[in-house]
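A.B. asks: Taken in order, these protein sequences are the chains called A and B. If you use my numbering, the first sequence corresponds to residues 3 to 164, in order. If you use my numbering, the second sequence corresponds to residues 18 to 435, in order.
Derived by calculation from the structure, the hints in this document are not laboratory data. C-beta atoms are modelled at their ideal positions from N, C-alpha and C, and glycine is treated no differently. It cannot be assumed that every hint is accurate.
If you anchor each label on the Cβ, the simulated ranges turn out as follows [claimed, not checked]:
1) A:ASP153 with B:ASP37: 21 to 27 Å
2) A:GLU56 with B:ASP207: 52 to 58 Å
3) A:ARG106 with B:SER33: 19 to 25 Å
4) A:THR124 with B:ASN95: 57 to 63 Å
Derived coverage of chain A by chain B (criterion: at least 3 residues anywhere in the stretch with Cβ under 8 Å from a Cβ of chain B; other residues may be distant) [to be verified]:
5) 49–58
6) 132–141
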Amino acid sequence: MHSPGFEEFVAARSSSLLRTAFLLTRDHALAEDLLQTALTKAYLTWSRVDGSPEPYVRKILVNTYASWWRRKWNGERPTEELPERQHDDAKLGESGDLWDALGRLPRRQRAVVVLRYFEDVTAAQTADLLGISVGTVKSQTSKALAKLRIDPSLVDDEEGTR
Amino acid sequence: MNTLQDLRATLDQHASGVHDDLATSRVAAVAGRARVVRRRRAAGVGAAAVLALITAGVLSALPGQRDVAPAQAPDSFNSLGWSYRLADTVRTDDDRVGTELEQSDLPRLVSWSTAGDDQRVVVRFNNETWTSQSADFADFVWLPPNFGGEVTVSGDAGLTMTTYELDESVSPAGVGTGPELFREDVAGLDLVGAAVGEPGQAELVVPVDAQQGGTIEIAYTCQQLPKGYLFSIGVVGGPGFLDTNNCRFGTTFDPGGSLNIGLPAPWREDAALEMRVTRRGMPVADGALPDLELGLGAYAPSAEVVVAAGHDFPRVIEYAGKVWQVDHVAEGAGAPLPRVTVPSDGQYVVTNWVAASPQTPFVVSIDGSTDGQVLMSGLEGAGSGAIPVGAGQDVGLEIRGDGVDITQAALVLYRRVD
Chain A
3 MHSPGFEEFV
13 AARSSSLLRT
23 AFLLTRDHAL
33 AEDLLQTALT
43 KAYLTWSRVD
53 GSPEPYVRKI
63 LVNTYASWWR
73 RKWNGERPTE
83 ELPERQHDDA
93 KLGESGDLWD
103 ALGRLPRRQR
113 AVVVLRYFED
123 VTAAQTADLL
133 GISVGTVKSQ
143 TSKALAKLRI
153 DPSLVDDEEG
163 TR
Chain B
18 MNTLQDLRAT
28 LDQHASGVHD
38 DLATSRVAAV
48 AGRARVVRRR
58 RAAGVGAAAV
68 LALITAGVLS
78 ALPGQRDVAP
88 AQAPDSFNSL
98 GWSYRLADTV
108 RTDDDRVGTE
118 LEQSDLPRLV
128 SWSTAGDDQR
138 VVVRFNNETW
148 TSQSADFADF
158 VWLPPNFGGE
168 VTVSGDAGLT
178 MTTYELDESV
188 SPAGVGTGPE
198 LFREDVAGLD
208 LVGAAVGEPG
218 QAELVVPVDA
228 QQGGTIEIAY
238 TCQQLPKGYL
248 FSIGVVGGPG
258 FLDTNNCRFG
268 TTFDPGGSLN
278 IGLPAPWRED
288 AALEMRVTRR
298 GMPVADGALP
308 DLELGLGAYA
318 PSAEVVVAAG
328 HDFPRVIEYA
338 GKVWQVDHVA
348 EGAGAPLPRV
358 TVPSDGQYVV
368 TNWVAASPQT
378 PFVVSIDGST
388 DGQVLMSGLE
398 GAGSGAIPVG
408 AGQDVGLEIR
418 GDGVDITQAA
428 LVLYRRVD
C-alpha cells in the first residue's frame with residue numbers, strides 16, 4: 003500500500019518535522035495539519051525521491067507553510083496569512099516576548115529564522131529549501147532579527163565562524 | 018536587546034514542548050489524504066484514469082480476475098440522490114467473487130451479474146448479509162463510510178462484481194456542497210432550515226420554518242474541532258440540547274441521513290437554532306480556528322407513522338442507501354409472539370419493538386437463528402434498527418428468560434420502494 007521506505011521514514015523522522023512545523027505555525031493542530039499535508043505531497047511522489055528523503059520532505063514542508071493553502075469544502079483556496087495565536091504559557095518570561103515577536107514575523111521571515119537558528123542550516127541551504135537566492139535569505143534574516151530586537155550584525159559574526 | 022542565544026533557546030524550548038501524540042496513526046492519516054487527492058485528480062482527468070487510479074487503491078482480489086472494461090455494468094448508480102461512479106470490476110468463473118477494499122471515509126456500492134439464469138446472490142461484508150434476486154446490475158449493496166475490508170458475492174458460477182465510488186461532482190438538491198450537503202428530502206422529511214459555515218466560522222444561526230409543528234429532527238456536521246473546545250446546539254433564546262467536544266457523532270457524509278436528535282414542539286414561528294463553539298465557557302471568534310467546519314440542518318417531522326405495540330414506526334425510512342416503506346405489521350400482546358414470513362418478491366428489512374418487564378432480553382430470530390444483537394426491553398419498550406431479510410425467511414422474536422410478562426411486541430416489515 004505504501005511506497006517502500008515511506009512508513010519507515012515517517013516513523014523515524016516525523017516527530018522532528020512536527021517540531022519544525024510547530025515553530026512555523028505556533029499551533030499544535032495547524033502543525034499536524036501542515037506536516038500531514040507535506041507528507042501527503044511527498045507520499046504521492048515518493049518514487050521520485052532520490053537519496054535521503056528528509057531534505058525533500060523538509061523542502062515541501064517549509065514551502066507549503068510559506069504558501070499555505072487552506073482546505074475547503076471542495077478544492078482549496080489560498081489565504082493571505084495564517085491567523086496569529088495567543089500563547090498562554092506564563093512561564094516563558096522574557097523568552098515569551100521573543101516567542102510573541104516570532105509570531106509577528108511575516109511567514110517567509112519566520113521560515114528563514116526557524117531554518118537558520120533551529121534547524122541550523124546554512125544560508126545557502128536555506129536558499130535552496132525556500133527556492134530563493136542567498137542574498138534574499140540574508141536580507142530576510144536581517145529584517146527578521148531587527149524585528150526580534152537582535153543585532154543583525156551578529157549574523158555576519160556567525161557566518162564568519164562557519 | 019536579545020541575543021542569538023536567546024533566540025535559539027526560545028526555539029528549542031518551544032520545540033521540546035511538542036508531544037507527538039499522533040505518531041502511530043500518521044501514516045494512515047497521510048494515506049487517507051492521498052486517497053482524497055487521487056480521487057480529486059481522477060475526477061478531472063476522465064473515466065479511464067479514474068479506473069486506473071482506483072484500481073490501484075484496491076488491495077487484492079479474491080478468486081477472480083480484474084477487468085477494467087466491463088461490457089454490461091452501468092457507468093453509475095443513484096442512491097438517495099447521490100451518484101456513484103464505476104470504479105472497479107472483478108470477474109470469476111467460480112461461484113464466489115470478492116475484493117478487499119481499503120478503508121474509505123466515503124460510502125461505496127457494489128453490484129453484480131451472474132452468468133446463468135439463476136439471479137440469486139448473497140453479498141457479505143463486515144457482519145452484514147444481503148440477499149438479492151434482481152436482474153444483472155439492477156441492484157446494489159451500499160457500503161457505509163469508513164468501511165474497509167472484504168466484500169464477497171456468492172451465487173451461480175460465473176460472477177461479475179463491480180465497485181462504485183461516490184461521484185462528488187453530482188449532488189442531490191439541498192443546502193451545502195459535496196458530501197456534507199444537507200438533502201432537501203430525507204425519507205419524506207422536509208428540510209426546514211440548514212446552514213453550512215465557511216471554514217473557521219464558529220457560530221451558525223439557522224432559522225427554522227416550523228409551521229408544521231411536532232418534533233424537529235436535527236442533523237449536524239463538525240470537523241477539525243481541537244481539544245479543549247466544545248460546541249453546543251440549541252434554540253436561539255431557549256435551551257441547549259447538545260454540548261460536546263466530540264465531533265465524531267456528526268457524520269461527514271450526508272448528515273441528513275443520520276438524524277439523531279429530536280427536538281419536540283412547540284416552536285415559535287420565528288424560531289431558530291444555533292450552533293456555536295466555545296472554550297472555557299467563552300464564545301470562540303470566527304476565524305480563530307481556521308480549519309473548523311460546522312453545518313446544521315433541521316428536518317420537519319413526518320406525519321406518516323404506523324403505530325404498532327404502542328410505538329410510532331415511520332411509514333417510510335432510509336436504510337443502507339435505499340428507501341423502504343411499511344409493507345406488513347405483525348403485533349400482539351403476550352404469547353404467542355408475532356412472526357412474519359418474508360414475501361418471495363422484492364427486498365425487505367424488518368424492525369421491531371418489544372415492551373415487557375424491565376430488563377427483559379430479547380432477540381430477533383431469522384429462520385430459527387438468533388445470532389443477532391440481544392436487546393433489553395423496558396416497560397416503555399425497545400427495538401432494533403433495520404435488519405435485512407431474504408425471500409421466504411421466517412422472522413420472529415425470541416425472549417430470553419422465564420416468567421416474563423410481555424406487554425406488547427411488534428415486527429414491522431419494510432419493502433424497498435425506490
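A.B. asks: Work down the list of hints and note, for each, if the structure agrees.
C.D. replies: Right, here's what the structure says about each hint:
1. For ASP153 (chain A) and ASP37 (chain B), the hinted distance range of 21 to 27 Å is not satisfied, since their beta carbons lie about 35 Å from each other.
2. Evaluation of the 52 to 58 Å hint for GLU56 (chain A) and ASP207 (chain B) yields a pass: the beta carbon distance comes to about 55 Å.
3. The hinted range of 19 to 25 Å is satisfied by ARG106 (chain A) and SER33 (chain B), whose Cβ atoms lie roughly 22 Å apart.
4. A hinted range of 57 to 63 Å holds for the C-beta pair THR124 (chain A) and ASN95 (chain B), which are about 59 Å apart.
5. With 0 residues having a beta carbon nearer than 8 Å to a beta carbon of chain B, the segment 49–58 of chain A misses the requirement of three or more and the stated coverage is violated.
6. Counting residues of the segment 132–141 of chain A whose C-beta sits closer than 8 Å to any C-beta of chain B gives 0, which falls short of three, so the coverage hint is violated.
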